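Asker: Residues per chain are reported as follows:
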Amino acid sequence: MHCLICFNTLHEDTTWATLFESKEEIVCESCNEKFERLDLEKHHCQRCMKPISHEVNLCGDCVAWRERMGIDPLSRNISIYSYNEDMKDLMARFKYRGDYELVKVWEQEVTQIYQHYFAGNDFTIVPIPLSEERLSERGFNQAEAIAQLIGPTQSLLIRKHSEKQSKKTKLERMRTSNPFRSKIRNAPRHILLVDDIYTTGTTLRQAGQVLLNSGAQQIFSLTLIRS
Amino acid sequence: MKSHWYLISLSLILGYLPKVIGFLSFIIFLILFRRKIIKNRLLLVLSSLTFFLPGYIIPSTFETPDIENDFITGWIEIQTHPEIKNDSIRFIGEYQGQRIYFYADSPKSPLKQGAQCYVEAEIQQPKQPTNPGSFDYRKYLASLGVSWVSYDNSFSKCANPSYLSHLYDWRDHLMSITESKFSEATVVWIKALIFGDRSDIEPELIDTFEYWGLSHLLAISGLHVGMFLSVIYFLLMKVCRLTKEQSKCIIIMIIPFYIIISGSQPPVIRAGLMAICLIVFSMFKKNTTDTIDIISIVMICMLLYNPFLLHQMAFQFSFAVTFALILSKNLLFKDHWIMISIKVSLISQLVLLPLQFYYFYYTNVMSFLFNLIYVPYFTLIAMPLLLLLMLSLVLPQPVRHVLEFLFNFINTFFIQLLQMVGEPMRSIWVIGKPHLMVVLLYFIFFILMMLFWEKGQLKKAALLGIIIIMVCYGETAIKHFTPEYSVTMLDVGQAESIIIELPYRQGIFMVDAGEEMNGEEETNYNFNHVIKPYLWSKGITEIDSLWISHFDRDHSGAMEQVIKQFEPKQLYTAPIERYYKYPGLDHIIVHEGTIVNYGDITFNVLSPTKSNKHTDANDQSIVFLLQYKQHKMLFTGDISKEVEQELVSKNSIGDIDVLKIAHHGSQTSTSKLWLQKAKPEAAIVSVGENNFYGHPHPIVIQRLKDFGINVYRSDQLGAVTLKYKDGQSTFYHYNP
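In the order they appear, the protein sequences are chains P and X.
Position one of the first sequence corresponds to residue 307 (the numbering used here), numbered consecutively onward.
Position one of the second sequence corresponds to residue 502 (the numbering used here), numbered consecutively onward.
Where hints are given, some of them may not hold.
Part of the chain P face toward chain X, derived, beta carbon under 7 Å [unchecked claim]:
(1) 319
(2) 320
(3) 321
(4) 322
(5) 323
(6) 327
(7) 338
Using C-beta positions, here's what the derived DEER-type ranges look like [to be verified]:
(8) P:360 to X:874: 37 to 47 Å
(9) P:339 to X:838: 13 to 23 Å
(10) X:779 to P:339: 45 to 55 Å
(11) X:731 to P:422: 38 to 48 Å
(12) X:984 to P:426: 24 to 34 Å
(13) X:840 to P:421: 24 to 34 Å
(14) P:339 to X:959: 16 to 26 Å
(15) P:339 to X:645: 48 to 58 Å
(16) X:535 to P:422: 24 to 34 Å
(17) P:370 to X:961: 45 to 55 Å
Honestly, the hints are just simulated from the structure, not real lab data.
Small disclaimer: the values here were computed from a predicted structure and weren't measured.
All C-beta atoms, glycine included, are put in the ideal place defined by N, C-alpha and C.
With the hints as extra help, turn the sequences into a complete structure.
Answerer: If you want it as structure tokens, here you go:
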């Protein structure tokens, strides 16, 4: 077996725990150590998981969202990893160079976090879609790939083609017109949006707003990374 | 096969177990490891083969030869390096496929390892223990693959010593240099910790170390090897300025020499071979070998080379601890160093517990704390200092003296500290010799406990921790489950000690605790090697009362130790002048007419009278009738015919079941009249083999025969046990 990330031979010393049954590892120890789990940090924004100082519960961005939109369409976002340099490289490999297999690296963590925060409630899992142009360019929707780790997904949204988010400034991103449309009129009550990265939260809020407008009552989101 | 070799080595060990238990545990093994074995058919084949292997490779020397002794002449090959101890030379020689342990006087021609010698020798089978729980010399030698010993022999025409023998000569030479250059106090420790020869350490100190579970430190262990190699590696890199690769190559070459210099004990061989493997692997592949594979392969190789090694205690202890610590890798890193030391000490103690019980019948619950202090002391301070001392042989004298002073200063402190603590009785836990199944059960639960601990499921781990302690308690509980009443006459040579056990441990009584009289010397041989091991092997740590018939050394020599170690509540003696005072002990004087009841048992004292008018010490012995339900046994101490006559005339004895023959079968006791009156069915005689007094006297033996009385002699039968249940009594004896 080789590590999915660095391709080195996986080397697992036998210990008491693996005496009777070997662990099925797919990532080597050193690659695993490069991931930074967000929930291990002490204090973050209650809504978007941005690490913030201890005095406040909401980050400035989330306060701004609430002030601007009246009611924040996004009830809560949960992210798993921070966007460090290694993660950036890995996401580039996953998204832009199409290394679909990498999704398995996060399987354990994603399902674990989902179990911890969302299991038990009747959530409809909705991945953020790509526009048709982008989908044909990439070959797969990274958000869909991540969402499928949790369970069956429903595609309730359609996305217009627009410029890549990552090419825009923060202000531009927060002000873009909503690229999403709902496919249905009666959206399920509880929705869990899934995406790869939470940057400003615009995309998730736009998608959430559309679903709220078509009948959903509460929007949560699970994102792999909080940048 | 990577990461799977431990399964092979495990099945090899299971192959050594007795047939039924072996098969049972092999099946358990297959079930436990099914997930690994199913995936790998080669593994199934190999582990089954290795399971059956010991049955073939352990040669027939294990079957005891029919003859007790023999005389041989012919050529032998000297297989081990002849060691000189107390003016005798000891080595193992091979004669026509049989391994013989020779004790020789200094012969004319030099004895060297590997040499062929012409020998004329009387050989005999090693002595078997004559008491339950005693050290089994025959079994010990069998564990070395030896089935004969020779004390009387002469060697000539020795030739062709092996190349190795030069190394051994060099070792002896080095040892004699150290003896001439250092003070005696230092030499003792250099010999023990550098040359692996602890014969100069005082036996009392060895006992204290053993008591605290530290005796592994007096032998060279894997830790020492690691320390030694690190020091050398450091010197090569920093002082000689060699590259990593060069240093590693040199280390690999040094290891075999070190193994020989240090006396080639199994732990050193194990550590040396593992070090070689680890270094070689690290030079060719990077970090892809599983350490557990290395230790497993080393173990398999050592056992294939010498299958008897598995029976050696040092081998078992060394491999058990190393396996456990390697498997605990994840528990032992990323933690504070204090926590790591505590964990290492705890894991080592727990994995050794069943072995400790099996060999020593007890464990010291404080051992783990003492190891925390003394393991670092020996490996990090004593060992490096001693190595420096050895290296300082080439340095100017003052340097050597300073180092020696430093070592002795520190060492004396640590050793005296230990001696000051002494051997308090309360810190040991005696459970006796555990059954093999209990040992296996313990290991299964232990492995599961470690598994849950590593997975972080601490509640389950704690529960299993409780279970493994319960397993040990279970063993003591089983030992309490003895439905018979029994009386055991131990074989204490020309002395006497008899132990009475009520069913279900309701009462334990000892009648006499004698030591042999060896001229002027007062030894505690019987207490240390017979009485204590017997009681401890049965899990007995306290006795209810001690009866001393009279105060001759062969009846009372071990009294003090018995009182201190087994804390009887009462001491019964005849009317004497001295009053014995020990905490928690009542000294009770008994005489004609005293009756002591304890549960179902009655001690009815018949002699002496209250005034105790006899002048002879033997005649002052307590005589009492011991009655348990319908079973009557008469204890007579060392009384003579006169006292027998008195008792007959007083009409105080009647039809009894068993008679303890007075005064070891001397013809001054056991008169015809006495036997006519007592009418015993059986008689027991405690007497030493080939004793100086010629006891028991043939006339007495003939007399007993004439009366049709069965005689059980400790010199012929070893320990003799009478068991009585539901009106049926049976005699058992320990010697075959």
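Asker: Of the numbered hints stated previously, which ones are contradicted by the structure, given in increasing order?
Answerer: 7, 10 and 12
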